[in-house]
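2 protein chains.
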Amino acid sequence: LGVGLLGGSIGLAAKSSISGCKIIGYGHRTSTLDAALARKAIDQAFTRPEDAVRDCDLVILCTPVGMFGQLLDQIAPALMPEALVTDVGSTKRSVVQWTEQHLPNPGRFVGSHPIAGSEKRGIQFARPDLFANALCLTTPTALTNPQAVEAVESFWRLLGMRLMRLTPEEHDSLLAEVSHLPHALAAVLATIPSDKALSLCGKGFLDATRIAAGDPGLWRDIFMDNRDNLQDTLRATRGELDILLSLLETGNADAVQAWLAAAAARRQALDPPPR
Amino acid sequence: LGVGLLGGSIGLAAKSSISGCKIIGYGHRTSTLDAALARKAIDQAFTRPEDAVRDCDLVILCTPVGMFGQLLDQIAPALMPEALVTDVGSTKRSVVQWTEQHLPNPGRFVGSHPIAGSEKRGIQFARPDLFANALCLTTPTALTNPQAVEAVESFWRLLGMRLMRLTPEEHDSLLAEVSHLPHALAAVLATIPSDKALSLCGKGFLDATRIAAGDPGLWRDIFMDNRDNLQDTLRATRGELDILLSLLETGNADAVQAWLAAAAARRQALDPPPR
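Going down the list, the sequences are from chains G and Y.
So in the working numbering, the last spot in the first sequence is 275, and the numbers never skip.
So in the working numbering, the last spot in the second sequence is 275, and the numbers never skip.
Just chain G, same shape as in the assembly (with noise of 0.2 Å):
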């Protein structure tokens, strides 16, 4: 649901790593469905999502979050008893509740997260490995069926992701450290400069601004549901960028070399060992 950068890479590496997999698009525009179709990320298209579950063994949202709860209510009387229902959202609490709430079969729905993607959008960015080697992460509840949990898994496995289950909770606070909070920063970073300043900006500017060019809408949807937590994350880098101003003005060049030293040791940990 949803035929998008994600929905459509998933249509285009389901049919690539399974064989047989049968592939129904949900999209309100016609023109990206039609996209979608010549690019045969889906076998066939539908433009009201009751329509597009009813036969499906595996449903998965891929529409900006804002959507899931209105999606749910549509799809709800039109799923099959034993379908399977997941998303890719970027935030989970709301979807799990929206889950519990609205679908008659809550056990069968798995919440997952594939790492991946860009600040780009649309089909005509979709490709078939764009889930390859990235994580997914799934937050299954108490609710929650084991099988269920263990075929979506093993979905995502199928287009070559590695899997780490989380409760919804922990999702949504470690993802406002690790996404959230970065796309805050960069469009912080983006706004700051002059015009004249922006004209001088060279490499490591753009890659720290690069996730800041993501479509609005669907960071709007992202921030709101997770804003407890963002919130908590902008404090933080208040409290952060404090401590910096402070070592600034009392002119402790050791202190502001210990302070950079310690974030430049933790990034670099994150950089594959040199070979």
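Honestly, the hints are just simulated from the structure, not real lab data.
Here the structure is a predicted model, which is why all the values come from computation and not from measurement.
Beta carbons are placed, not taken as given, at the ideal position from N, Cα and C, and that holds for glycine.
Accuracy of the hints is not assured; some may be wrong.
[To be verified] List of simulated lysine-lysine pairs, DSSO-like, C-alpha gap at most 27 Å:
(1) Lys203/G x Lys120/Y
(2) Lys40/G x Lys15/G
(3) Lys203/G x Lys203/Y
(4) Lys120/G x Lys203/G
(5) Lys15/G x Lys203/Y
(6) Lys120/G x Lys40/G
(7) Lys203/Y x Lys120/Y
(8) Lys120/Y x Lys22/Y
(9) Lys22/G x Lys40/G
(10) Lys15/Y x Lys120/Y
(11) Lys120/G x Lys203/Y
(12) Lys15/Y x Lys203/G
[As the list claims (entries may be wrong)] Away from chain G, derived, C-beta distances all over 12 Å, residues of chain Y:
(13) Ser19
(14) Arg39
(15) Arg48
(16) Trp98
(17) Gln101
(18) Ala151
(19) Leu158
Based on the hints, put chain Y in the right spot on chain G.
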């Protein structure tokens, strides 16, 4: 003077673009000088800067900014009267001031800042195309000899660079916005997440924090040298974070989207138009 990433790349680039030029390298470690000789980035090596500059037409300071004062003191008595002196430092007010105090012929000094490099450090990362199509800022003052400016700019042009002139004050203020602040925020971003959160990070986080892996000593010098401007941008960042925090606290989704959209538009404008 200094044969690391920038000094070594200048040697490689000059030797591939300018026929018959001879490159003399200074470094305080013989192992670095040996590596630079082996890569043919330099033709001759000295471990005392005053020995290195004695017969040079153009002297380029490529050490960390914090060493410039001492280095200028050491080379001043050894320079040929008509020698041109420039540098590749990331800040410009202090080096310009030092040259006016330390050099016998300050009119022959032209501050330069080639906006090229990376978070990597050392002669092993040097490459002859590091400067191709990149921007080089020069910061002549009323004391600078106009022919010296032309000559230094011609040198950078031979290495493939585009040129722009700024006052030292403009330079340091603008670079705080597009280079020093981004480094500080990347370091903050690398500092805040828990180890568990870091283990989930994707490409977006890695790109946004890459510059934070840069050499802490080098960046300490830059931060300390430009700390008034950096403090201003850090305070502006705090103000922008407070704006976002208040939008999130009031739950104003439209305003959050407008804030994100403004940042996305500014960032998108920096990308080359799609083919």
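Structure-based check of all given hints:
no.	hint	verdict
1	Lys203/G x Lys120/Y	holds, 13 Å
2	Lys40/G x Lys15/G	holds, 9 Å
3	Lys203/G x Lys203/Y	holds, 16 Å
4	Lys120/G x Lys203/G	holds, 19 Å
5	Lys15/G x Lys203/Y	holds, 25 Å
6	Lys120/G x Lys40/G	holds, 20 Å
7	Lys203/Y x Lys120/Y	holds, 18 Å
8	Lys120/Y x Lys22/Y	holds, 26 Å
9	Lys22/G x Lys40/G	holds, 11 Å
10	Lys15/Y x Lys120/Y	holds, 22 Å
11	Lys120/G x Lys203/Y	holds, 13 Å
12	Lys15/Y x Lys203/G	holds, 25 Å
13	Ser19	holds, 29 Å
14	Arg39	holds, 18 Å
15	Arg48	holds, 26 Å
16	Trp98	holds, 17 Å
17	Gln101	holds, 21 Å
18	Ala151	holds, 23 Å
19	Leu158	holds, 20 Å
When the structure is compared with the earlier hints, no violation turns up for any of them.
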